[in-house]
Amino acid sequence: MSTTATSTTAMSTASVTITVNGEAATHEVEPRFLLVHYLRELRRLTGTHIGCDTSNCGACTVLLDDEAVKSCTVLAVQADGHAVRTVESLANPDGTFSAIQEGFRQEHGLQCGYCTPGMLMACTALLAENPDPNDGEIREALEGNLCRCTGYQMIVSSVRWAAEHPDGKVPAGMSAATAAAPGSEA
Amino acid sequence: MKNASIKVRNTANEIAAHLLEANPADLLVEDDAFAVAGSPDKSVTWAELGASFPPLQFPEGTEPGGLNTTVIQTAPNFSYPSGAYGYVVSIDRDTGAVTVERYVLVDDCGTVINPLLAEGQVHGGAAPGIAQALFEHMSYDEASQPQTSTLIDYLVPLAADLPGFEAGRIVTVTPNNTLGAKGIGESGAVGAPPAVVNAAAAAAN
Amino acid sequence: MIPAKFDYVRVGSSDEAIAALTEYGDDAKLLAGGHSLLPLMKLRLATPTVLVDIGDVRDLSYIRDGGDHLSIGALTRHRDLETSELLAAEAPLLAHTAHLVGDPQVRNRGTIGGSLAHGDPASDLPAVILAMGGTLVATGPSGSREIAASEFFEGFLETALADDELLTEVRIPKFGSAGWSYQKFNRRAQDWAIVGVAVQCNGRTGVALVNMASVPIRASAVETALLGGAAGTEAAAVAADGTEPSADIHASVEYREHLARVLVGRGLAEAGIA
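Chains as they are written, first to last, in numbering that gives the first Met the number 0: chain A, 0 to 185; chain B, 0 to 204; chain C, 0 to 273.
Okay, chain A solo, but in the shape it has when bound:
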């Protein structure tokens, strides 16, 4: 909104230029258009979920200038001129999982998956700031994200896995997911 940055005239629509996952685009939007709707409807990035819509559940968490925010409580116009990262940006360029994604796979950090995009982004912000968090720090960092399926423990384990395997590579023979193959305990 560089055109209005030095004006005090309020407008009923606004041109916003937002860089999402490294790509900038410009759209004309109503000021009341929420960032989460912008991401899902105009950028067609539907990985970011709408959960409670009251800023409690955190399913809509994205990174705004590398900080975790709830995109249901940010207007698209507030993100004008800023950079957003969504869950779609997490995988490595070759398509393999990032450390936190692999952690969720290895430690079964999700069941229905609805909270997962927001969890992954909140965890990404946590690990960027604190690469080796303990369980208490992880639980505290996830205070803004609700999960109804897991009871959180395996999400905590997933973050620990990512902290212990920052390259996201699964050591040979160490895969919890593989160890759980049929017959392993029968």
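It is possible that part of the hints are untrue.
Unchecked claim - Straight line, CA to CA, 25 Å or less: simulated SDA-like cross-link-like pairs of lysine to any residue:
id, chain 1, residue 1, chain 2, residue 2
1, C, Lys-41, A, Leu-41
2, C, Lys-183, A, Asp-134
3, A, Lys-168, B, Asp-31
4, C, Lys-41, A, Thr-45
5, C, Lys-28, A, Glu-27
6, C, Lys-41, A, Thr-12
7, C, Lys-28, A, Met-10
8, C, Lys-28, A, Glu-139
9, C, Lys-28, C, Phe-155
10, C, Lys-41, A, Glu-40
11, B, Lys-1, A, Gln-110
12, C, Lys-4, A, Thr-16
13, C, Lys-28, A, Gly-80
14, B, Lys-6, B, Arg-92
15, C, Lys-41, A, Gly-94
16, C, Lys-41, A, Glu-27
17, A, Lys-168, B, Pro-75
18, C, Lys-183, B, Val-155
19, C, Lys-41, B, Thr-147
20, C, Lys-41, B, Asp-25
21, C, Lys-183, B, Glu-135
22, C, Lys-41, A, Arg-84
23, C, Lys-41, B, Leu-154
24, C, Lys-41, B, Ser-138
25, C, Lys-4, A, Pro-132
26, C, Lys-41, A, Glu-66
27, C, Lys-41, A, Met-10
28, C, Lys-41, B, Tyr-139
29, C, Lys-183, A, Glu-139
30, C, Lys-183, B, Thr-147
31, C, Lys-41, A, Gly-80
32, C, Lys-28, A, Thr-12
33, C, Lys-183, B, Ser-89
34, C, Lys-28, C, Ala-161
35, C, Lys-173, C, Gly-132
What the hints assert, rightly or not - Going by beta-carbon spacing under 7 Å, a handful of chain A positions derived as facing chain B:
id, residue
36, Ile-49
37, Cys-51
38, Asn-55
39, Cys-56
40, His-107
Because the hints were derived from the structure by calculation, they are not lab data.
On a predicted model such as this, the values are computed, not experimentally measured, just so you know.
Backbone N, C-alpha and C define an ideal beta-carbon position, used for all residues, glycine too.
Got chain A sorted already, so can you dock chains B and C onto it with the hints?
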């Protein structure tokens, strides 16, 4: 599931033997393929069996449908999973706040196919079970309007509200199905509320 | 949920913000982090016709040592309060309590000025600034004026700010290692306080209450008792005197009054007042 899997495996074995021009009894099931014993270079993968075999040219004797199989099975009785949950809670006598300090969950769901998923089911049941005892409550005003209609007022617990679970397992297979498996999905939710309430009552006395 | 229609302007300085407020008058609302206002707008409990976005006015984001006091820019985010070394050394009650506001995502957006100007009796930071005996700086078309925190909160979600004024700065004394405590009682980690108590020692002891009236309030009865030489436990017994808490699904009036007495007692003890 087990019976259906065995049936598909046997059918696949027949088809693979036909494709490899081998005796069905001579085939070995390897990681993702069938191979002829003693001739490891002669093999056919599951993907090849599923994708490229012409459906109308199954070997003689193959059941219609090929690898598609439906098995209908009736169990002679229900399975009865069991478990024991121990909760330690503390009560702040001045404020009434109840905190779950520790919980140990031991379940017996018979044969476990995937231990990670089974444990996840227990955690995922126990968390809302604890919440049922301590947090969650639908309330209505005098005009029957729900007052807990958002997650601001309806208290779904957070990671920081729950300590870690200590889960254990014993295995007693059920004779009532071929896998020997029993249910696990609801055990945490069933066991947690009375355990938490009883622990809180004990702490209050 | 989508807010009702409104017009929008983003300003780049406090002067521009004041100009916009002057132009649009009481139809306009200031938007800082948006974490108090936008939820109300989504529920259509607030329907401003103009939003003046001050979120990018970065010259109002600072924590400065002013010699005998600290100056905090109104747009300083909770996140910056909780991680400030200067606050940790000179006003640890504020740094500590900022960390208890909402959740990490909220603290990344919410600002101290937004929290104070919203004037919610359930918010944590207004009570802290009250207990600290802070001063708020309001800037309008004709310049700036200082408002004592104890004069700032006038009614439910109403403050002493005029329609064309912008809260620009918060000033608090430097407390060093003086005793302090924040007691927040809630059900879940991210929730608003059911009752909260802020205690700050500094010669006189400031005590303020969260959610014990329609505005953030000082625990005047407690402060007076302490000035009169009462022990901490005696002072705590009058914590609910002069308060007007409301009942909701989380707590009755009587329970809130009880919690206030308990939490003031704990707060005074933690702050070192026997």
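Each hint, compared with the structure:
1. Proximity of Lys-41/C to Leu-41/A is assessed by CA-CA distance (about 20 Å); at most 25 Å being required, the pair is judged to hold.
2. With a CA separation close to 22 Å, the supplied pair Lys-183/C and Asp-134/A stays within the 25 Å bound.
3. Taking the CA atoms of Lys-168/A and Asp-31/B, the gap is near 23 Å; set against the 25 Å cutoff, the hint holds.
4. Of the pairs offered as hints, the one joining Lys-41/C and Thr-45/A holds, with about 21 Å between alpha carbons and a cut-off of 25 Å not exceeded.
5. Proposed proximity of Lys-28/C and Glu-27/A is supported: the alpha carbons are some 22 Å apart, at most 25 Å.
6. Proximity of Lys-41/C to Thr-12/A is assessed by CA-CA distance (about 18 Å); at most 25 Å being required, the pair is judged to hold.
7. Restraint check for Lys-28/C and Met-10/A: the C-alpha separation of about 14 Å stays at or below 25 Å, so the hint holds.
8. The suggested pairing of Lys-28/C with Glu-139/A is violated, with an alpha-carbon distance near 33 Å, which exceeds 25 Å.
9. Proximity of Lys-28/C to Phe-155/C is assessed by CA-CA distance (about 16 Å); at most 25 Å being required, the pair is judged to hold.
10. About 18 Å separates the Cα atoms of Lys-41/C and Glu-40/A, which keeps this hinted pair within 25 Å; it holds.
11. At most 25 Å may separate the alpha-carbon atoms for a hinted pair to count; Lys-1/B and Gln-110/A meet this at roughly 23 Å.
12. Straight-line distance between C-alpha atoms of Lys-4/C and Thr-16/A comes to about 21 Å, which keeps the hinted pair within the 25 Å bound.
13. Of the supplied pair hints, the one linking Lys-28/C and Gly-80/A holds, its CA atoms being roughly 22 Å apart against a limit of 25 Å.
14. A threshold of 25 Å between alpha carbons decides the hint, and for Lys-6/B with Arg-92/B the separation of about 62 Å lies outside it, so the pair is violated.
15. Restraint check for Lys-41/C and Gly-94/A: the C-alpha separation of about 38 Å exceeds 25 Å, so the hint is violated.
16. Our distance criterion of 25 Å between C-alpha atoms is met by Lys-41/C and Glu-27/A, whose separation comes to about 21 Å.
17. Between Lys-168/A and Pro-75/B, the direct Cα distance comes to roughly 47 Å. Violation of the 25 Å bound is thereby established for this hinted pair.
18. Taking the CA atoms of Lys-183/C and Val-155/B, the gap is near 19 Å; set against the 25 Å cutoff, the hint holds.
19. Note on Lys-41/C and Thr-147/B: the hinted pairing holds, with a Cα-Cα distance of about 17 Å set against a maximum of 25 Å.
20. A C-alpha spacing of about 69 Å is found between Lys-41/C and Asp-25/B, which places the hinted pair above 25 Å, so the restraint is violated.
21. Between Lys-183/C and Glu-135/B, the direct Cα distance comes to roughly 20 Å. Compliance with the 25 Å bound is thereby established for this hinted pair.
22. Among the hinted pairs, Lys-41/C with Arg-84/A is consistent with the structure: their alpha-carbon atoms are about 24 Å apart, no more than 25 Å.
23. The suggested pairing of Lys-41/C with Leu-154/B holds, with an alpha-carbon distance near 21 Å, which does not exceed 25 Å.
24. For the hint linking Lys-41/C to Ser-138/B, the alpha-carbon distance of about 23 Å falls within 25 Å, and the restraint holds.
25. Between Lys-4/C and Pro-132/A the CA atoms are separated by roughly 43 Å; this puts the pair beyond 25 Å, and the hint is violated.
26. Proximity of Lys-41/C to Glu-66/A is assessed by CA-CA distance (about 23 Å); at most 25 Å being required, the pair is judged to hold.
27. A threshold of 25 Å between alpha carbons decides the hint, and for Lys-41/C with Met-10/A the separation of about 19 Å falls inside it, so the pair holds.
28. Simply put, Lys-41/C and Tyr-139/B have alpha-carbon atoms about 23 Å apart, close enough for the 25 Å limit, and the pair holds.
29. Annotation: proposed proximity of Lys-183/C to Glu-139/A holds, straight-line Cα distance about 16 Å (limit 25 Å).
30. With a C-alpha separation of about 22 Å, the suggested pairing of Lys-183/C with Thr-147/B holds against the 25 Å cut-off.
31. Pair hint Lys-41/C plus Gly-80/A holds up; C-alpha atoms about 24 Å apart against a cutoff of 25 Å.
32. Proximity of Lys-28/C to Thr-12/A is assessed by CA-CA distance (about 17 Å); at most 25 Å being required, the pair is judged to hold.
33. For the proposed pair Lys-183/C and Ser-89/B, the alpha carbon gap of about 18 Å is at most 25 Å, so the pair holds.
34. Annotation: proposed proximity of Lys-28/C to Ala-161/C holds, straight-line Cα distance about 12 Å (limit 25 Å).
35. Between Lys-173/C and Gly-132/C the CA atoms are separated by roughly 11 Å; this keeps the pair inside 25 Å, and the hint holds.
36. For Ile-49/A, the interface hint is violated, since its Cβ never comes within 7 Å of a Cβ in chain B; the closest pair sits about 13 Å apart.
37. Satisfaction of the interface hint for Cys-51/A is found here, the shortest Cβ-Cβ separation to chain B being roughly 4 Å, below the 7 Å cut-off.
38. At its closest, the beta carbon of Asn-55/A sits 4 Å from a beta carbon of chain B; the interface hint therefore holds under the 7 Å criterion.
39. Because the smallest distance between the Cβ of Cys-56/A and any Cβ of chain B comes to about 6 Å, under 7 Å, the interface hint for this residue holds.
40. The criterion of a C-beta within 7 Å of any C-beta in chain B is met by His-107/A, whose closest approach is roughly 5 Å, and the hint holds.
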